[in-house]
Every structure is written in C-alpha cells, then in structure tokens.
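K.L.:
For reference, the chains in residue letters:
2 protein chains.
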Amino acid sequence: MAPPQASEPIHEFGLIRALRRQFSHRDAEVIRGIGDDAAVISASPKQWWHVTTDLLVEGVHFNLGTASPEAVGYRAAMANLSDLAAMGATPRYLLTSIAIPRRCSAAHVDQLYGGLMKACRPHRVSLIGGDTSASRGGLFLSLTLIGTTRRRQALLRSGARIGDALYVTGTLGDSLAGLQILTRQSSTRVAKPHQRFLIHRHLRPTARVSEGQWLNRARRASAAIDLSDGLSGDVRHLCEESRVGADIELDAIPISPSCRAYAKSSRQDPTQLALSGGEDYELLFTVSAQHQPAVEHQAKKAGYRITRIGVIRPRRSGLRIQSQAGEWRPLPLTSYEHFCS
Amino acid sequence: MAPPQASEPIHEFGLIRALRRQFSHRDAEVIRGIGDDAAVISASPKQWWHVTTDLLVEGVHFNLGTASPEAVGYRAAMANLSDLAAMGATPRYLLTSIAIPRRCSAAHVDQLYGGLMKACRPHRVSLIGGDTSASRGGLFLSLTLIGTTRRRQALLRSGARIGDALYVTGTLGDSLAGLQILTRQSSTRVAKPHQRFLIHRHLRPTARVSEGQWLNRARRASAAIDLSDGLSGDVRHLCEESRVGADIELDAIPISPSCRAYAKSSRQDPTQLALSGGEDYELLFTVSAQHQPAVEHQAKKAGYRITRIGVIRPRRSGLRIQSQAGEWRPLPLTSYEHFCS
Numbered sequence: 010m011a012p013p014q015a016s017e018p019i020h021e022f023g024l025i026r027a028l029r030r031q032f033s034h035r036d037a038e039v040i041r042g043i044g045d046d047a048a049v050i051s052a053s054p055k056q057w058w059h060v061t062t063d064l065l066v067e068g069v070h071f072n073l074g075t076a077s078p079e080a081v082g083y084r085a086a087m088a089n090l091s092d093l094a095a096m097g098a099t100p101r102y103l104l105t106s107i108a109i110p111r112r113c114s115a116a117h118v119d120q121l122y123g124g125l126m127k128a129c130r131p132h133r134v135s136l137i138g139g140d141t142s143a144s145r146g147g148l149f150l151s152l153t154l155i156g157t158t159r160r161r162q163a164l165l166r167s168g169a170r171i172g173d174a175l176y177v178t179g180t181l182g183d184s185l186a187g188l189q190i191l192t193r194q195s196s197t198r199v200a201k202p203h204q205r206f207l208i209h210r211h212l213r214p215t216a217r218v219s220e221g222q223w224l225n226r227a228r229r230a231s232a233a234i235d236l237s238d239g240l241s242g243d244v245r246h247l248c249e250e251s252r253v254g255a256d257i258e259l260d261a262i263p264i265s266p267s268c269r270a271y272a273k274s275s276r277q278d279p280t281q282l283a284l285s286g287g288e289d290y291e292l293l294f295t296v297s298a299q300h301q302p303a304v305e306h307q308a309k310k311a312g313y314r315i316t317r318i319g320v321i322r323p324r325r326s327g328l329r330i331q332s333q334a335g336e337w338r339p340l341p342l343t344s345y346e347h348f349c350s
Numbered sequence: 010m011a012p013p014q015a016s017e018p019i020h021e022f023g024l025i026r027a028l029r030r031q032f033s034h035r036d037a038e039v040i041r042g043i044g045d046d047a048a049v050i051s052a053s054p055k056q057w058w059h060v061t062t063d064l065l066v067e068g069v070h071f072n073l074g075t076a077s078p079e080a081v082g083y084r085a086a087m088a089n090l091s092d093l094a095a096m097g098a099t100p101r102y103l104l105t106s107i108a109i110p111r112r113c114s115a116a117h118v119d120q121l122y123g124g125l126m127k128a129c130r131p132h133r134v135s136l137i138g139g140d141t142s143a144s145r146g147g148l149f150l151s152l153t154l155i156g157t158t159r160r161r162q163a164l165l166r167s168g169a170r171i172g173d174a175l176y177v178t179g180t181l182g183d184s185l186a187g188l189q190i191l192t193r194q195s196s197t198r199v200a201k202p203h204q205r206f207l208i209h210r211h212l213r214p215t216a217r218v219s220e221g222q223w224l225n226r227a228r229r230a231s232a233a234i235d236l237s238d239g240l241s242g243d244v245r246h247l248c249e250e251s252r253v254g255a256d257i258e259l260d261a262i263p264i265s266p267s268c269r270a271y272a273k274s275s276r277q278d279p280t281q282l283a284l285s286g287g288e289d290y291e292l293l294f295t296v297s298a299q300h301q302p303a304v305e306h307q308a309k310k311a312g313y314r315i316t317r318i319g320v321i322r323p324r325r326s327g328l329r330i331q332s333q334a335g336e337w338r339p340l341p342l343t344s345y346e347h348f349c350s
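Listed in order, the protein sequences are those of chains A and B. First residue of the first sequence: 10, per the numbering used here; consecutive thereafter. First residue of the second sequence: 10, per the numbering used here; consecutive thereafter.
Partner residues are not named here, just some residues of chain A that face chain B (Cβ under 7 Å, in silico):
hint : residue
1    : Asp36
2    : Thr62
3    : Gly138
Footprint (simulated), chain A over chain B, 3 or more residues, beta carbon under 8 Å:
hint : stretch
4    : 52 to 59
5    : 65 to 77
Under the rule of at most 16 Å between Cα atoms (straight-line distance), these lysine to aspartate or glutamate pairs were calculated in the EDC-like manner:
hint : chain 1 : residue 1 : chain 2 : residue 2
6    : A       : Lys127    : A       : Glu79
7    : A       : Lys55     : B       : Glu38
8    : B       : Lys55     : B       : Glu38
9    : B       : Lys127    : B       : Glu79
10   : B       : Lys55     : A       : Glu38
11   : A       : Lys55     : A       : Glu38
Hints were generated in silico from the structure; no laboratory data involved. Where a beta carbon is used, it is the ideal one built from N, C-alpha and C, also for glycine.
Based on the provided sequences and hints, a complete structural model is requested.
P.N.:
As structure tokens, then:
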C-alpha cells in the first residue's frame, strides 16, 4: 500500500473527541475514560487507579540544543505528575517508552533517566517497566504514570457548579517567559536574577502533587485541572467537561515580579503570558461558596499559595474575561503550542 | 547545552538490566517490575494487575510502504496482547501515545485506530486514554495495555524448574517468512497460497490470549514467555529469569508446510527461520513432568496446537540444541531485528 501523503492536519482535541465517540468504554469499572487529566478505574473496593500518558517529541516539545537530556526527563515526569496532581492522586508506578536516535549516547540515556527519577523519587514512584527502541528521527519519550486515590474520592474536571469560585495555585506565565528567554536571549534586558528565576520555572517546574492531595483529602474542591496548555485553554477544558461558563478577572491573575519585569522589558502584556503560557503545571480548581473560607484558611496555614481569579457562570454566558478597564469580553482562544524549550 | 553526539550504541537488554539495578522498586505491592513480559502489581486483595508497554517506530518496526496504517495498528495491539497472553492475564484497558508526521492524514490515523480496535475488540478492551502529538520524524506509536489475573495466579518467566518440558503453541518462523516475501518478493517462486498464508501470519498475527488464560487457570504451566524476539532469544530470556539451562530438539520445532515450502524455494534452513524469526507471537511455556499428560490431553480437547520442543536443564549446562544428526551444540545467539514490515 502507498505510504500516507500530505493532507489535512491533525488536531489533538478533535482527535480525542472523535475517539471518545467511536470507542467509548462499556466497562463498568472505568469511572473516567478519555478526556480527563487521567483515566480512572475502580481497581478494588477501596481504591481508584488513575492512569495518565504523556508524549514528548524532539523538535515539538523540546530541543536538545536548549534543554539537557536530564531536563527533558525531569519535565516529562513533571507533566505526568501534574496530571495526577490534578486528580488529587498519589503517584505510584511509572512505565517509560523511549525511541533513541543514533546520535544519542548511553550517557545521554542515563541522564534522561536521571532526570525522570529525580522528579519521581520524592514521590516514591517505582519504575516498573517500559520499552526501548532505536529511532530514525528524533528522540521520542512516552511516559505512563499510575496513581491511586480512595474509592469515590478524586478531583475531576466535571464537578464545577455555577457560583463556585475559580482558584489557581502559584503564579502563571513564568514558564513561557523562561522559554522565551532561553530561545531569544538577545531581545530582553531584564536583570539576571529574574532571568534565572524564569528559566528555572521553565526547566524545573513543580507539579502540585501535595496541593492536589490536600484539596482531594479535604473534599474542598469541586473540580480541578492542571495548567499544561495555558489558563485560556485549560479553563475551557474544565468548563466544557462541567458544562458551565466562567468569568475571569484579568487583574486577579497571579503574576510573579520576575514575569512582570520580563514582560515590561520585552514590551509584552504580562497577563497575555499568563493566559497563553503553557507548562506552568499549576492547578486550576473550583470551590463552592460554602467552602471558600476554610480552603483559604487551610492553604495559608499549609503555606500553599492559592489565588481566586474568577467565578463559574451558566454555560450560556460562555467564557469571559474582565479587562483592567472593567469591560467584559470573550476569553481569547489562545492555546499554548508546546515547542522547543 | 550541546546536543548529544554520536557515540556508543544503545542495547535494549543491557539498558533494562542497568535500569533494574539503578531504580529497583521497593514498593511492597510491586510483584514483578522491569524484566518480565508485563509488570505485576497487587492491586487489591483479589486481583493482580499486569501492565505492559510496547513501542513501534517507523523505519525500525514497520514501514508504511509495505504495511498499511491499519496493519500497523493491528500488529501494535497484538504485540501488547501477546505480552499479557504470556502472563495468562485478561486484557482490559488500553492507552495510546501517537506522534504523527505531517504527511499522515486524519484518514490514516483513523485507519491506525481501526486496526488497534479490531485487534482489541474481541477481548473487550476499553480505550481509556492517551496522548497525541505532531512528529518531525516518522510515525511513533507507544501502547500501554493493562490486564488482570486473580491474585497469586499468573504465568511468570521465572518459574521454570529442571526437568520441566518446553512447549510452544502454533508454528514458528511464519512471520519472518512473510516479512521476507513482502520485502524481497522477486527471490521466491513458492506457490501463491503459501505466500498468502505467510504474509497473513506476518500482518495478522494472533496473540495466544485464550491459550495463556487456559494455562494460567489450570495452573499447569510453570513459566511462560511470548515469542516476539524469536525462539532463540526468548528461550534465553525465560532461562535467564528462571536461572536454568535448556536442551531444544531441532527436529521437534513446529514448522508450517508453507514455511517449509518457502524455505526450500529460497534456499534457507526452515529451522533457522523458526529460531531467529521474531513476531510469531506464539507462547513458549514449561510444564512439569507430572502435568504433561493433562496439558496435552486438555490442549487436544480445546483445539490448541502445542508442541513439546525440549526440556529444562541445570543452568550450568547452558542452552543447547540438538541437530538433525543428533549432535548437541550451543544454541546460536540470533536475536530478531524488528525491521520494516
């Protein structure tokens, strides 16, 4: 048969929707299939299992010219840990699929695994299997991470209700700013400490595993998702799964001093970095009015930085954002393109 | 950091051993980690979970010039189903990671998934998740398949004991013969029906899921592995994990009439095709002397083709093969190179 020819492009979200329609599960033990941060399986009378897969491709998600194999491994593991964080799960077991181009040495593969395990070790994740192959193209890395929660106790994307407040952990936009500094160093004159902070946030993100477990244990959050595609894209995914709309206050979005300084020096709008910047791996979650005081109090006590950035609205009002001038406008559709860190 | 440069090659088996040493699990619920056909986790008081990952890379494991996207998807699923068959597990949940080059259309991706689901549907496997990305190189496909068995009831590579008989299901070498016909059609003059049979065995292999479950349920096999790297390589893996040696009778290896006819017409030794040919996805298993009559009787009743090909020996006697002339010689080390079907 003739090899495939160039034609219409493939869009991930469209593909996921099509697959869900075609091969929707009929297994009573599948609690969540395709579409959430991780699949959820009822594995025992006491436990739910959460399974997530992330794929990182050289030249698409990373570039070995600007990121070491160790950093690539570390960030790949963090992307998966972040998916489980968004479910409130405890990460347990890792499987790795790696296709290695001829130009990579055994030392580079060691470094890649070193990065993976550096990210996983604090969570006591066990590497239980995988597959390795040569690659005729670039480096490909696919990870499967399995985590657990108690039965019927997990954060899902679908639980947001009208009137719930929208919160995020940490600060947004740092990772994209760090990536921009790494790839276009000449165009910014922001101070070195800011640069170091932002590059570190890009190359060494922290999945909010402990925050996710706290929100899940206390049963305080009604829904959650991790910010891997950018706030603008991920709030859309959460609202779609919950069948609701949302209002976001632009002024409320938490932005680090370093990100503000970098945005100013590079003549960008810092909120734009926060809205469209992916791979921050912070959590976006919703809390009912009743639980907000307790959540804010507990977060302060535990040293978790959380910020209220908006509110869940009926689906018909759509996704809106309030500008600095107080005007409401539709949330722009700016999904983050993972590319070449 | 500078991108990796060419240097020492990566060998999969060396890599797996090194990883096992470095990141050996300490999780009490991990029954088997890296090294068996699938990882085994004690998921509940009643169940073990079996998790396997297989990676297929364009230009290494397949070539879209000779195999359709549908055949690639089908064979990828079979490789994973075969890993679970070797554990005696029931396949349940599938996750797919796919990196798609620009030249592939949405129709090709549909066909790929069509092949995956065609292989999985008879086993009622649910597609529960995955990840999709663009690829700057070729097509890259990594599957993770999860299966279940009862607790403490699974076929492992490590259970073979001295004196156990070695058996295989089906016939060996057909897949390699089919691959050779597909890639060098001009050099054989074997009859068309033989060619069709061998090509079908290559493009449409059958994982021995039901045979594996039977052997496991009846607790008749002491160890098992699937034949993905070729008999010569896989008997080595089984014996290594069981810390034993083995004697194989060359004359006993089951070879199909089509494979014999093809070998004759292409001036090859058919047993060589059987020893070195990978991707037959038959099962190699061991049975104690006590259970052999029952296993042979039940197999006949159920219509399973099984053939006794040798016996397990002490480790010190190594791996030997008896030639047609009756002489014992060391088993040649000819591992199958997965390439370009």
